[in-house]
Amino acid sequence: MRILIVEDDPISRMVMEKNLKSLGICDLVENGREALEAFEKALLENKPYDLITLDIMMPEMDGQTALQEIRKMEDEEGIYGLSGVKVIMTTALDDKDNIMRAFKSQCEGYLTKPIQRQKLFQLMDELGLSGEQDQA
1 MRILIVEDDP ISRMVMEKNL KSLGICDLVE NGREALEAFE KALLENKPYD LITLDIMMPE
61 MDGQTALQEI RKMEDEEGIY GLSGVKVIMT TALDDKDNIM RAFKSQCEGY LTKPIQRQKL
121 FQLMDELGLS GEQDQA
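With full-length UniProt numbering as the guide, the letters of the sequence shown map in order to residues 1 to 136.
In silico BS3-like links for lysine-lysine, alpha-carbon gap of 27 Å or less:
#  : residue 1 : residue 2
1  : Lys-119   : Lys-18
2  : Lys-104   : Lys-41
3  : Lys-21    : Lys-113
4  : Lys-86    : Lys-21
5  : Lys-72    : Lys-104
6  : Lys-41    : Lys-21
7  : Lys-47    : Lys-72
8  : Lys-72    : Lys-86
9  : Lys-47    : Lys-18
10 : Lys-96    : Lys-86
11 : Lys-18    : Lys-41
Beta-carbon label-pair distances, calculated as ranges:
#  : residue 1 : residue 2 : range
12 : Met-57    : Glu-37    : 18 to 26 Å
13 : Phe-121   : Leu-82    : 17 to 25 Å
14 : Gln-106   : Glu-45    : 19 to 27 Å
15 : Lys-18    : Ser-130   : 12 to 20 Å
16 : Glu-40    : Leu-82    : 14 to 22 Å
17 : Ser-130   : Ser-83    : 14 to 22 Å
18 : Ser-83    : Leu-123   : 18 to 26 Å
19 : Lys-18    : Gly-128   : 16 to 24 Å
20 : Leu-28    : Gln-68    : 16 to 24 Å
21 : Ser-22    : Lys-96    : 33 to 41 Å
I should point out that these hints are in silico values taken from the structure, not numbers from a laboratory.
Built from N, CA and C at the ideal position, the CB exists for glycine as well.
Assemble the whole structure, with the sequences as input and the hints as a guide.
Written out as structure tokens, the structure reads:
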């Protein structure tokens with residue numbers, strides 16, 4: 001499984017990587033702009049990500065905007081619905097407006113910080129992203 005962790009806080013980024021590295025290859029970036037660059041590069045190399053964990057509050061480009069841009073890129077490449085990358089928003093924001101905006105932009109999951117490992121893996125199982133997938 002290929003995973004992109006998008007998180008501006010170094011400790012949160014490290015914790016997420018620790019939780020997910022046993023499931024596959026983890027790339028780490030610090031903001032939405034870097035996430036778009038990594039996502040586009042993965043598409044061009046024909047090695048798309050299976051999962052993106054995406055923080056909402058980040059400098060340069062927030063996670064909500066990055067999610068919308070990721071879905072636009074997929075649309076331009078003819079990637080629709082279940083064929084697209086699974087995106088789990090990870091944030092301290094638990095207000096209705098942010099949650100609704102994320103799901104309207106087609107995220108598959110929304111977890112509030114601090115991220116609980118059990119909830120993360122439960123959500124991943126619900127999305128069909130178990131640890132039994134290939135790591136290549």
